[in-house]
Each structure stands twice: as structure tokens, then as C-alpha cells.
Amino acid sequence: MIDTADTDVLILGAGGAGLCAALHAADASPKLRVTVVVKGLLGRAGCTRMVQGGYNAVLGAPDSLEAHFLDTLAGGGWINDQDLVWTLVSEAPGRVLELESRYGCLFDRTPEGRIHQKPFAGQTHDRTIHKGDLTGIEIMNRLAEQALARANIQALEECRAVELLRDGDGRAAGALVLDCRAGRFQVLRARATLLAMGGGPTMYRVIACSADKAADGIALAYRAGLQLRDMEMVQFHPTGLVIPGSLMTGALLEEGLRGAGGHLRNGRGERFMERYDPARMERSTRDLVARASFTEVVEGRGTPNGGVWIDVSHLGAAVVERNFRGMVKRCRDFGRDLAREPVEVGPTTHFMMGGVVIDTACRTAVEGLFGAGEDTGGVHGANRLGGNGVAESTVFGGIAGDVIAESVLATPMPQVNAAALEASARRLTAPLARPATGDLYDLQRELRDVMWEKVGLVRDGDGLREALAAIDRIAARLEGVGVPGGAAFNLAWQDWLNVVNQTAVARLIALSALERCESRGAHWRRDFPAAAPGPLFTVRAGLRGGAPAVWTEPVALTRAAPGVSAPASSMVEIGD
Amino acid sequence: MPSTVALTVARYRPERESEPTFQTYEIPFRKDWVVLDALNHVKDELDGSLSFRWSCRMGVCGSCGMKVNGTPKLTCATFLSDYVPAPIRVEPLDYFPVVRDLVVDLTDFMRKLKQVKPWIIRTEEKPPAEGEYLQTPDQLDTYKQFSMCINCMLCYSACPIYGLEPSFIGPAAIALAQRYNMDSRDEGAAERLKILSEHDGIWQCTFVGECTKVCPKHVDPAGAIQQYKLTGATRWVKSLLLPWGTR
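Keeping their order, the protein sequence lines are chains A and B.
Counting along the first sequence from 1, when you hit position 242 you're at 1035 in the working numbering, and nothing is skipped either side.
Counting along the second sequence from 1, when you hit position 7 you're at 9 in the working numbering, and nothing is skipped either side.
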């Protein structure tokens, strides 16, 4: 029998979105019991913490909300949900001031003591608020401390939601939660539930994001019948470290190295960007540079370890060591001297633009279920601007907390069919009951390879269909995997749950990519290398009749249209 | 360089054994591998039952702190090549209860962290709509370093005082208290002083500085403790002499 516990507000995920939601809901009424479920330790798991660059918010002239709005749409290939974008840019200034004044975040300052804003190329103004190049740690530590300060917030650490629950009327009813330490399931009933588990494209071979992610929230939403959008839009960053066989592979070397004049060379020593973007060379857009590097490697012109060289040594060792101290250290740890010699880098999978469809109040199609952050889609369209990620998660997390708090106490506690959940628990624990098979990590490697090679930076119809067939085979074999050990703190079992979710979301990415027969933003089809003429559309995905389905819907140009007022942008920066 | 290395790992499975035991695995030696790579190799290829804690893999989350050959380390930033050809021994952090294998229970720290009130305390809160507090780069510099803490608990595991006296509030919590005390937006130093002074531990800290030596983020908790002792003692004396106004 699975234990049941009740809470008023159930928040799945504790990154920028989850904790801002928790703080807003808890502050709206001390009577509200808020429960936060986090896969790792409070404040220390997930990707908000990984943010280096910073937080985009308009704090005054000459910048404007309109400029931030148009920059975001231009970066997103104009398929963004414009109302969500407007919400992002208009709420970001208030949220970042809340982070500063109420939550105590340390941000770098001007000599006059005001918040410092740095330029991120691709944005028309100096807009990005930061703490050096470690902005995320500061934001997450302060948010976690704020959560500690509130008696009505309870954090369940090292717990993960494994199924979203609905009551007999189809309303959200909470979640089935697995306590990973004890290996026990618990039904958490709630009057309102927020999905804020942070996406995470870890189904690819090379990743920049926190390794604990597995697109869990998106997989849960898909199984619960929610509509997803833009799943084909996966962002690749061009300069991840290449360290064969090491976990550190894919960790970012920052964009500024190219901005400062760094050269990229292939294995033959050629500055290959000459062939892809002779005007801008290495300062071209990230998606283009990432794709160019990938092409060089695929066509046999890569470095010995399958990357390209980034070379900043001609800037002078002293300059590099002064301006890129963190990057020099990161390379030195691996025996590379960034200041004096070329270092191997390659594209790395960074962010999922797609996710659950929400409205500007973070509502999903299921009553009582809300979404915020990387689990949701629409804010970034086909590509995300650097600095818009943490802005999105904190802005929409806060909104979700406010909206939930307004109505939740008047909502009755939903009823849950506990008998059905016994079956779920049995299905999820099946690998523990089977003899260990030893093939889990082979399957994960296979998934990551096929996603990287066929659903990655360069795609085509044949490759995507082959990938879908491979994904189906992997999914079928996962059903037979057995893992050793018991249920308590069993990493292999947790990894099985991860790979099952990664596989489900991988299928949605591949299906959506097959549906978009054009190239736009982060999505590039070798067989359709240009943007399609005709009306803009989004690709939607969801569960229809027990099987995954994709279809398209027109983009509503509710506030602006492309070509009319888009600001000139020399370089689209799409980092953290 | 050898082609393999002996990795000895502390095992503790409470349903099976009452005391921790050790298990040795032979793993390939690769010069780019960190200890966390080796642990994952054990999990993925040799023994899927090994439990350890990690999240980000790149020195940001602070989850993978363990003892490597006796010294508290972030295992994602500790290279096998620093030890080989000597064998490598991985154990859970000292002074915390072991949950399983290399995983420790950090409840004690979370409780202590909360006690030092690590948040901005003001008699009057300024509405965010009025704009940010002014804070010059010089003012930031007084507490920036303490704000680098990632709660990895290496300093607790290295602290001889915490080992002897578990009630000691500990290096990271004091550094974080000092982070707020030194923050020009904060007015809560007196409130925190009361809490910190209740615990004997802080006065026992002999500035051995083990906490600062192991800190992967150069927070210098030992410096925070000395700084705190100085300002704390001054305030304490003042509060006896001038009980009506010590701020």
C-alpha cells in the first residue's frame, strides 16, 4: 500500500522556476502548505545553478521592453508565443529587482553602485545582469536560503515525481513521488501542481547541462496527455570541451573567446568558418558555428578526438589569462594551456526550447496543473537568447506561485485512485525484480549516439526515420532491463527511470523534427536547408489514442510581424 | 603510467552490514579521468549497486564531496593522475551520518544554516519597485568571497572542532552568516551574533585553517571565523557596556 500525504501546493522541481513559485505562493498566504520535490539536494540540482552569463532585464533607457521583445522574437525565428515573450520582458525587471532587494542576490555593480548590465551580442542594448561568470550559483543559493526562511515551505530532497495524477474529473491531483533515498513511493495529493523540473536534453551524446537531468517533466507531461510544442528545437552551443571518455566533455568554454578574436581551425589547420560565413567568421551565430564544426568533423576534417581547435594564443598569453581566468583554469585542469596553445572543442547540447504549452498565467490544458521554466515551450521559439533562460524560469515561476495562491485554498483536495497507482509502482519497480541484465548503459549510449548523429545539429528525413526506428528498439529493450541491488539509493535504477524518460522525449524530438520540413533557428534540415515560405507555424506533439502524434498550428502574430520592425542584430547569442 | 588503478571504495549497506566495509575495483587509468569518472565507471560497468551522490559533474553543484585518500575533495575536480600509481581510496565525508556507501546525511548542516539566518534582515524592507539598493563594487568586495560557498561540506569534514564537538555551528554556516553581516543591505548582524555566541565552538576554533585549505571555491571560512570573532567580541563587549544601542 502506497502512503498518501496532502499538501496545498505541490511544486515539482526546485530550480529558479520551482523556488520562485514556492516563495511567491508561501508569501501570498502563511496558511498555504507548499511542498517542493527536488531530485537532488535543495538549491543544488538542475541547471539554474549552472548559469554563467546572466539575466536579461530592461532596467532603463536607452533600452526598452520593445527592444528586448523584438530581440527575443528575432532570436526565436518568430515562432515564439508573443504573449509569453511580452510577459517575460515586462516582468523580468520586477523579478530581478526582487532577487536583488528581497532575496539578497549579489549582482555586479557600476562604480555608482547600480546593477551592472553587460552586452550580450545579439541584443541591441547592454541588458545582461550578472555576478561575474557564476550568476546561477548566487541566484540558487539565495533562493534556497529564502525557502529555508519560510516555515510553510517543505522540501523533499532526493525525491522525484514519476507520474502526474488526475482525479475522476480530469483535474490535476498531485503526483506519485519516489523517495530515491528510501526507494519508497508516496502519493502526494495537492490542490494545485506545478511542473518545473527543467527539461534537459541529456539524451544526446555531448551535453552542457547538469547531468542529473533527464527531461523528466516533459516525459511526465506527455504521458499525462498534455500538449507540447517546438520539441524539435534543441540548442547546441559551439564550444564545449572535448575530453574523450570524461564526464567533463561538453562543459562550456565561454562565448567570449570567439568574441575576443579567437580562431577556430579544423584538423588540417584551416580556419573553416571561411567556407560557412566569410563575413563574420568565428563571430557568426552560435547555431551556424556549431553546425559548421559538426560538419567539419563528420566530413573527416576534425581533430584527433573528433572536435575542432579553438585558438586564442595569438591574443597574448597575458591577455587571455587576465580576461578568461576561469576558462584558463578549466583547461589547465585537463592539461591544456588555453593561453598558449589550441584547445579541442566541439558542439554540445545545451537547452530545449520546446515543452508544455502554457498561457501567460502558467496554466496548462489540465485544470490545476501549471508549468514554468524549461519544461514549457513558446517563450524562446526556435532559439534562445543568452540571458533569457534564468529570466524565464524566475519570471514564470513567480507568476505560477501568484496565480496558484489566488485560488488554491478555495479548491477542494482531489480524490486519487490509489489502486491504479499500485500498478504504476509495479511497472516502475520491474527492473529491480528482474535479474540484472547489464545492458542499461549500452542502451543509453545507443540512444545518445543516435540522437547526436541523426537528430542533432544536421538532420534529414531518412536519418530521422532511422532514428525513430532505433528509438523504438531501445524503448522495447528497456522493458526487459534488470538492475542490481535494492530500491534504496539505487543509482542504476534511477538511471533506468532516466533513460526511459530520455527515450520518450527523444521520440518527440525526432517526430517533431521530421514534421518541420524547413530550417529555422536551431533546427537544420539538410534536405530543406532554407526557411519555408508561407505562414509561420509551430509543431505540436502529444499523446493521441495511446500513441505519439505531431501536427502543426499557425503562429499567432498578436503583437508584431517579422520584417516590419525587427532590429538589426549582428550576432545571435544563445548561451545560458 | 600504469594502465589500471586500484580504486578502494567504502561500502555501507545498512540492511546487510552494521559497519562499513571496503571493496576494491580495478579500473582503467585514464589521465583525463577524475574520481567521479572512476565511480561512474564502477556503477556503469562493474557494480551497479554502488551509491554516491552527484549532480552537475563540473564543480558547480557541490554534491559530490567525498574523502579521497583521507582528504575531503570534490570528486568531479580530483584527478586520478594526482595519485597514481598509488591506489585510491574513496570514503564518505567525515562527521556526517552515512546513509549508504558514499552518501552522507546533511540534515545537521541544513539545520545549522537556518539558525544563522542566511537572509537579508532589515527593520524596514524596501519594496523592489523602488529599484535596487545602491552597493558599490568596494562594498561587494567585503562579502563577495563568502558568497562563493557551494555548501559542499568539505570544510565540515576537515574541521577538527566539528569532529570533536558536533554542536559547533561550523565553517560554512559562519562564512554565510558573515556573508550577510558584511552585506551593506543587511541589518541583522546583532541578531546573528546572539545565535553564534550561544555555541561554544566558535571560540574553540584555533584557526587551524583546515576548512580554508580544502575549500574548492576559495571562500576562506577560517578568515570569516577570525573576522567574526573580532567583530563579534567587540560587539559583545559593547552590548554589555551600551545595552541601549549596539548597531
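Since the hints were made in silico from the structure, they are not lab data.
Each residue gets a CB set at the ideal place from its N, CA and C atoms; glycine is no exception.
Each hint should be verified, as a subset may be incorrect.
[Said to hold, decoys possible] Covered stretches of chain A, as calculated for chain B (at least 3 residues, CB under 8 Å):
id	region
1	885-895
2	963-977
3	1002-1015
4	1028-1039
5	1275-1285
6	1317-1326
[Claimed, not checked] Once the Cα atoms are required to be at most 30 Å apart in a straight line, the calculated DSS-like pairs of lysine-lysine come out as:
id	chain 1	residue 1	chain 2	residue 2
7	B	128	A	911
8	B	128	A	1122
9	B	116	A	824
10	B	33	A	1122
11	B	146	A	911
12	A	1122	B	146
13	A	824	B	231
14	B	219	B	231
15	A	911	B	45
16	B	116	A	1122
17	B	119	A	1122
18	A	1122	B	69
19	A	824	B	119
Inset, instruction - Count the residues of the region 1002-1015 of chain A whose CB lies closer than 8 Å to any CB of chain B, then report whether that count reaches three. - result: holds (count 3)
Legend entry - Proximity test - 8 Å, beta-carbon atoms, the region 1317-1326 of chain A to chain B, at least three hits: violated (count 0)
Inset, instruction - With a cut-off of 30 Å on the C-alpha distance, tell me whether residue 824(A) and residue 231(B) pass. - result: Distance ~39 Å between residue 824(A) and residue 231(B) Cα, so the pair is violated.
Inset, instruction - With a cut-off of 30 Å on the C-alpha distance, tell me whether residue 128(B) and residue 911(A) pass. - result: holds, 25 Å
Inset, instruction - Assess, step by step, whether the Cα of residue 911(A) is no farther than 30 Å from the Cα of residue 45(B), and give holds or violated. - result: Violated, because 43 Å separates the two Cα atoms, which is more than 30 Å.
Legend entry - residue 1122(A) paired with residue 146(B) [C-alpha distance capped at 30 Å]: It holds: about 20 Å lies between the C-alpha atoms, which stays within 30 Å.
Inset, instruction - Assess, step by step, whether the Cα of residue 128(B) is no farther than 30 Å from the Cα of residue 1122(A), and give holds or violated. - result: violated, 40 Å
Inset, instruction - Below or equal to 30 Å on CA atoms is what counts here, so check residue 824(A) against residue 119(B). - result: The given pair, whose Cα atoms are some 22 Å apart, holds under the 30 Å limit.
Inset, instruction - Take the region 1028-1039 of chain A, compare each residue's beta carbon with every beta carbon of chain B, and decide whether three or more fall closer than 8 Å. - result: holds (count 4)
Inset, instruction - Assess, step by step, whether the Cα of residue 146(B) is no farther than 30 Å from the Cα of residue 911(A), and give holds or violated. - result: Cα-Cα ~19 Å, so holds.
Inset, instruction - Check, residue by residue, whether the region 1275-1285 of chain A contains three or more positions whose beta-carbon lies closer than 8 Å to a beta-carbon of chain B, and give the verdict. - result: It holds, with 9 qualifying residues against the three required.
Inset, instruction - Report holds or violated for chain B covering the region 963-977 of chain A, Cβ cut-off 8 Å, minimum 3 residues. - result: With 1 residues closer than 8 Å to chain B, the region 963-977 of chain A misses the three-residue bar; violated.
The structure fails hints 2, 6, 8, 13, 15, 16, 17 (numbered hints given earlier, in ascending order).
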